[in-house]
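Colleague: The lines below spell out each chain.
There are 2 protein chains.
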Amino acid sequence: MVDVPELVARAREGQPRAVARLISLVEGASPQLREVMAALAPLTGRAYVVGLTGSPGVGKSTTTSALVGAYRRAGKRVGVLAVDPSSPFSGGALLGDRVRMSDHASDPGVYIRSMATRGHLGGLAWAAPQAVRVLDAAGCDVILVETVGVGQSEVEIAAQADTSVVLLAPGMGDGIQAAKAGILEIGDVYVVNKADRDGADATARELNHMLGLGEARAPGDWRPPIVKTVAARGEGIDEVVEALEKHRAWTEEHGVLAERRLRRAAGEVETIALTALRERIADVHGDRLVGTLAARVVAGELDVYAAADELRASLTEGE
Amino acid sequence: MVDVPELVARAREGQPRAVARLISLVEGASPQLREVMAALAPLTGRAYVVGLTGSPGVGKSTTTSALVGAYRRAGKRVGVLAVDPSSPFSGGALLGDRVRMSDHASDPGVYIRSMATRGHLGGLAWAAPQAVRVLDAAGCDVILVETVGVGQSEVEIAAQADTSVVLLAPGMGDGIQAAKAGILEIGDVYVVNKADRDGADATARELNHMLGLGEARAPGDWRPPIVKTVAARGEGIDEVVEALEKHRAWTEEHGVLAERRLRRAAGEVETIALTALRERIADVHGDRLVGTLAARVVAGELDVYAAADELRASLTEGE
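Protein sequences appear in the order of chains A and B.
If you're matching positions, the first sequence starts at 1 in full-length UniProt numbering and goes up one per residue.
If you're matching positions, the second sequence starts at 1 in full-length UniProt numbering and goes up one per residue.
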């Protein structure tokens with residue numbers, strides 16, 4: 001068993017291996033998961049969490065890397081979490097990230113972590129927030145959560161941020177793909193990357209139209225900006241950081257940040273509770289109980305509602 | 001409040017209005033739902049339940065009506081349940097059913113009921129089994145459960161039968177549509193209706209190919225028959241009844257009937273229990289509790305797992 005208080009203390013001191021070890025403990029179904037989360041709880045809530053999503057090929061990792069550079073120049077400690085909900089691999093950086101993130105690999109002010117979230121208690125979308133809490137407790141000022149694709153899980157993960165960034169690139173009918181994937185609804189800031197390519201203006205216009213940005217909004221409403229970047233050359237990155245800071249200020253001013261964090265926590269708590277109940281039904285004792293109850297229903301000894309009551313009662317017995 | 005034992009007694013005597021009243025009580029969220037189900041439980045398990053599904057236009061109602069006629073000629077009491085998971089209307093026969101079912105409207109040995117299942121405790125798919133139990137308790141020998149479309153709910157409902165019939169008609173690439181809808185996996189008996197039209201043989205061949213009926217099966221395995229009918233003229237209906245009876249005999253002989261009913265009951269009990277738990281979370285007390293827990297998580301006073309434990313504990317308190 002790991003000495004959790006000791007590990008947390010070392011993570012607070014900025015030891016990368018301690019941070020890595022804590023993330024490993026929380027991303028899987030470690031028996032010490034609860035101990036770790038309980039130890040981290042009082043240390044969390046300070047970091048600013050930015051979600052980044054977009055179709056493969058839009059340059060998410062390059063943009064993330066450029067953002068890391070910008071935040072580092074501003075003296076911030078930065079955490080990067082690259083989440084792949086469909087990958088069974090985790091625990092270390094993927095090759096692609098390693099290459100693109102190599103600028104920051106030796107920087108002690110940057111933590112980079114790839115994680116797979118398959119099989120996590122509470123479902124795919126709820127492993128990332130636990131890793132975010134580790135980085136938060138370890139003293140990161142900004143945490144960038146990057147998802148690999150645009151599936152439902154990716155969108156869910158990216159939406160669990162203080163600010164969500166949606167990336168697009170010119171061509172490929174990307175706007176329509178993004179609309180289909182449902183990511184147009186979650187963006188607080190939009191980035192059209194590879195803006196030196198043909199069609200960048202058209203993509204920005206199409207996006208502007210689809211988002212209804214030309215339409216009137218209530219005063220005080222957030223109007224998502226569209227920022228054009230060439231992340232590989234660092235162009236437009238300062239403007240992205242500026243847009244992020246503006247959004248952050250707006251969410252704080254209007255109580256949106258507090259509301260988002262509350263809603264996120266409520267969703268997490270509900271999902272974890274229901275998943276635990278479902279797993280209890282599926283466990284050996286529960287499974288046998290369901291079978292016994294079903295047999296009594298089929299025999300006409302018990303109706304399904306009374307059987308469901310018995311099942312529910314058994315779920316919290318003996319805990 | 002309804003006098004449930006009295007109502008059940010009258011339904012047992014064959015009074016159609018008592019049967020209709022009971023179905024109304026079980027299909028909604030009546031406060032007497034549980035009382036009704038408890039009263040019905042000992043009276044159920046005798047009826048043979050047949051599910052019928054297929055795309056709109058294949059002639060499901062006409063086929064159902066013809067099957068009712070065939071079973072009536074054999075002296076059986078028949079219940080018909082037309083389920084529309086997407087319709088907000090319920091409580092009486094829809095116009096279309098009335099017209100097509102008019103042959104049987106005045107027959108005291110036939111109960112016909114259309115039901116919508118929206119908003120039912122335990123989800124769409126679980127309202128139909130309760131109505132089936134009413135018809136079963138009322139003394140129906142055969143219950144035909146017909147779904148209007150081929151969505152996921154319809155497929156689920158049709159699959160909750162002792163025998164599932166999948167209907168197709170020539171043309172319209174119907175086989176491929178059926179495959180997409182997932183109904184090719186649930187058929188115990190396939191019916192190609194409107195078999196007097198061009199393409200009926202092609203549809204049957206295509207179906208035969210898609211089902212892999214030409215392939216070798218283990219001895220004792222069920223090989224779903226494909227029956228061609230012209231239901232509007234009553235052609236092929238006796239063959240369908242014969243196929244149904246064969247499947248029923250096979251399921252009884254191989255323990256499949258008992259196993260299906262057990263699995264169905266287990267699924268129902270689990271779903272009702274989990275839905276009730278989810279609804280408890282969403283109720284006034286629970287909702288406030290989730291909010292309070294979420295606020296403590298955001299404040300760092302509590303971790304999400306400890307919060308989920310508190311939520312779970314509260315779900316069964318004071319019941």
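Wrong hints could be hidden among the right ones.
Covered stretches of chain B, going by a simulated chain A footprint (3 or more residues, C-beta under 8 Å) [to be verified]:
#, region
1, 43-55
2, 193-201
3, 249-260
Chain B is faced by these chain A residues, among others (derived, beta-carbon under 8 Å) [unchecked claim]:
#, residue
4, Gln32
5, Arg34
6, Leu184
7, Ile186
8, Met210
9, Leu211
10, Leu213
11, Val241
12, Ala266
13, Val290
14, Ala295
15, Val304
16, Ala307
Computed from the model, here is a short list of chain B residues facing chain A with C-beta under 10 Å [as the list claims (entries may be wrong)]:
#, residue
17, Val2
18, Gln152
19, Lys228
20, Ala276
21, Val290
Read the hints as simulated data drawn from the structure, not as lab findings.
We treat Cβ as the ideally placed atom computed from N, Cα and C, and that holds for glycine.
Colleague: Of the numbered hints stated earlier in the document, which are not met by this structure?
Modeller: Violated hints: 2, 3, 4, 6, 7, 8, 9, 10, 11, 17, 18 and 19; rest satisfied.
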